[in-house]
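J.: If you want the building blocks of each chain, they are given just below.
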Amino acid sequence: MAETIAEAPSYAAVEHVNQPPAQTWNHLRINGCSLRLPSPARKGEVLARLPRIFSQLECGIGDEAVSWVESVAGDARYVEVPQGTRRAEPIVVDVDASGFAVEDTGVMLREGSEATVVVSVRGQGGHSASLLRVIAEAGSRLHLVEVVAPGSGSTHLEGVGIEAAEGARIEARQYALGGKSLAMGFATKLGGTSSRLQLDCRYVVRDADELDVNHVVRQLGRNSRSDIVTSGFLGERAHKAMRETIDLTHGAKGARGNETETVLMGGDEVVNKTLPVILCDEDDVQGNHGASIGSVSAEQLGYLTDRGLSEEEVNDLFVRAIFDDAAIHAPEASSREAALARAEQLLGPEAARDVAEGLGLSPATTDAREVSA
Amino acid sequence: MSERQNAGEVDERGRSKVSDVDRSLYDFVKSEEGYERYDDGLTPEIVRAISAKKGEPAWMLDMRLEALEVFHERKMADNWGPDVSGLDMDHISTYVSPQTKQARDWDDVPKDIKDTFERLGIPEAERESLAGVGAQYDSEIVYHNMREEVAKQGVVYTTIEDALQDPKWEAVVHEYFGRLIPMRDHKFAALHYAVWSGGSFVYVPEGVTLDYPLQSYFRLNASGAGQFEHTLIVVEPGADLHFIEGCSAPKYYEANLHAGAVELYVKDGARLRYSTIENWSKNMYNLNTKRATIGSDARMEWVSGSFGSHVSYLYPTTILQGDRSSCEFTGITFAGATQDLDTGCKVIINGADCTTSVDTKSISKDGGINTFRSSLVIGRHADRANASVSCSSLMLDDISRSDTIPAMDVRNRTAQVGHEATIGRISDDTVLYLMSRGCSESEARTMVVNGFANPVSKELPLEYAVEMNNLIKLEMEGAIG
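Same order as they appear, the protein sequences are chains A and B.
When the letters of the first sequence are read in order and numbered with the working numbering, they come out as residues 1 to 373.
When the letters of the second sequence are read in order and numbered with the working numbering, they come out as residues 1001 to 1481.
What the hints contain is simulated information worked out from the structure, not anything from laboratory work.
Be aware that a few hints might be false.
Unchecked claim - Computed list of chain B residues with no C-beta within reach of chain A, every gap over 12 Å:
| no. | residue |
| --- | --- |
| 1 | E1036 |
| 2 | D1428 |
| 3 | Y1433 |
Claimed, not checked - Here are the simulated lysine to aspartate or glutamate pairs, EDC-like style, with alpha carbons at most 20 Å apart:
| no. | chain 1 | residue 1 | chain 2 | residue 2 |
| --- | --- | --- | --- | --- |
| 4 | A | K253 | B | D1366 |
| 5 | B | K1054 | B | D1039 |
| 6 | A | K180 | A | E114 |
| 7 | A | K273 | B | D1039 |
| 8 | A | K253 | B | D1039 |
To be verified - Computed footprint of chain B on chain A; a stretch qualifies when at least three of its residues, placed anywhere within it, have a C-beta under 8 Å from a C-beta of chain B:
| no. | region |
| --- | --- |
| 9 | 268 to 276 |
| 10 | 282 to 291 |
| 11 | 343 to 351 |
Computed from a prediction, not measured in an experiment: that's the story for all the values here.
All C-beta atoms, glycine included, are put in the ideal place defined by N, C-alpha and C.
Using the sequences and the hints given, assemble the complete structure.
T.: So this is what it looks like as structure tokens:
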């Protein structure tokens, strides 16, 4: 479990969080964000740190945020998956967002190995962070599932940095399902030939919550490939900023990078900011981006309301689909429970029970009070 | 066509090369002897001297002096955009003027200046297809004329300096000048307002449609100088205007600066098409600002071709203020060796039921850097806005660079926004396919590049499409392969 500090900390702003590699007009206020987080208070302790090689990894959240995590986290956790092995049990990073919890995790996937890493964030009202750094050696395979589902009163910082060598494959699923203020950075360096990233990111932002995302893929390897698919729902007064950068660097011949985003706007006072960037320093590459931003079409809405659904219920259907997806792809209990607990908060106990029963789980498992306790 | 091009030069990977833009049409210098040239640098004395020379009203001098202070106060953003450290205002003269009066007949224009514009094809274009022409040489307009029948419709096409001397139009200039692009917009907007000189004032009365375009051409002949023309266009309700802007300069080894400003007011039900072929020389810092505000049921169309400059910051901005207003932006940027061109557009939608379409192309070669930068802001009250943004980039070699940085800020749930961007090179499959149909490799590649640029060139008036051909299309024929 996460390291917890009992005494009340002081707070300070961590600046330059989620800055994209290529910035634009400052008046748009899309070049990054800042988070108000507890100040480092540890003194005189000797704590475990990750091997220095992990400090080279770009993590999407930015250097200041990484330094903050390293300065406030307790013992860092290092996991190594030996060469040629497939680790059956997922590596779980379980973060309690109800107090003050910070996790710093490093995973080394040796050549030809395979592992699943799960980050689940649950609870509400606190300040939390998770920094995960993964080195995927040649031919290794990483399955990453992040279910970030803190309650509406929470502030959470989520950073991921991955480096993929030749033939390494990264399959990542991100679910951003809650938090008053949630910043997620995700950076991958596809350094090896034919290395590959498939990133699926789904989000639900409601009420006056804020979601800030920075996805960065650096493609250095020949014939490397990245596919980033993001989609989500914004309700009420939600505020979302999504930055996606595909960096096709010189020498990455044959590289392909694709990113698509679909945003469903369901609130009258939502703010949706998108910065989809393609940087290209090589001619023998392909970079594509597509975005679609809008609300439920009048035809779709008419069809559903004719069948007795209110507009709010129609929106809830889309939200429910995202929670279904999160619960289905959550590979172990903590991530599944994080999704279900948050579903209950947003959609009510009946909907959460439906999601759980759809997975063949007993209703007792979905008790939000039990989950968040 | 040169022998080298006929020979079909290839790169180290055996692929055909595209030659540089042929600048011989533009790259000729005329003597500055006898010209009035102010000292390099920026001082209140220089600003006062420019103002005094023009005999301006006091409010304009006050504005200039305030802008000078803002210029010195403001910093350039250091987190985005091309490097402008090579631009030293202490080595730029902000006012250079040929000692001639503005003429209405080309025969009254000094011979070397007339020769310049003849070579650029301006008088010929005026005779054949324009309703009026303004020609600026360095800091001053040297020729201005408009067809009589257009003047009879009440259209005003003159310089801002002349408009300021007429009590009727001075009030109009005062009402609109510097309102759309405030001096605090950015550092070089402030510079512009401190030292502006030349440009055009166009007023199209309500309901008047001009059958032919008006055209202003800006030629910067002087070395180490700046050009700061101001274009102010007011298109009254229901009126229709096509305005064409062209610019060029010979190449020098010291930096030149262009920091113009274009303010466009398109009233309810009006339409304005603003076409630009920018072909500054490769020692030019092009830090230009263009902005339009559009009324209800009105339409703004931008056609923009950027080929020259060492560094460009150019993002025409459209504010769709009125309900049911629309905007279309079509642009192409060609960046070759030593060029770092940061171009694109901004659209701000505030009215209801507005539509926007942005379609841009960029071509990078020989180490040239292209950045497509845009912003689309859909405000809280912009109900049912419909916007599409498309940008395509073509990389012609592996030492060039092309970035796309489009930002979107959508604050209305009823908006529909589509965006797509692609970056790549001419695919070998396409070339092979065309070759299998009997084309040579050079013809195949030329065909692809021409097809890539065609959506922009077809939007240009014929004579400008020809100029664009001079710039890219014809150069690529035979040069690729």
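J.: Against each hint, give a clear statement of whether it holds in the structure.
T.: Now for the hints, and whether the structure bears them out:
1. E1036: B/E1036 is indeed farther than 12 Å from all Cβ atoms of chain A, at 38 Å.
2. D1428: 9 Å, violated
3. Y1433: 18 Å, holds
4. A/K253 <-> B/D1366: 18 Å, holds
5. B/K1054 <-> B/D1039: 18 Å, holds
6. A/K180 <-> A/E114: Outside the cut-off at roughly 35 Å; violated.
7. A/K273 <-> B/D1039: 46 Å, violated
8. A/K253 <-> B/D1039: 51 Å, violated
9. 268 to 276: holds (count 9)
10. 282 to 291: Per the Cβ count (10), the hint holds.
11. 343 to 351: Contact hint for the region 343 to 351 of chain A vs chain B: violated, 0 residues under 8 Å.
Checked against the numbered hints above, the structure breaks hints 2, 6, 7, 8 and 11 and satisfies the rest.
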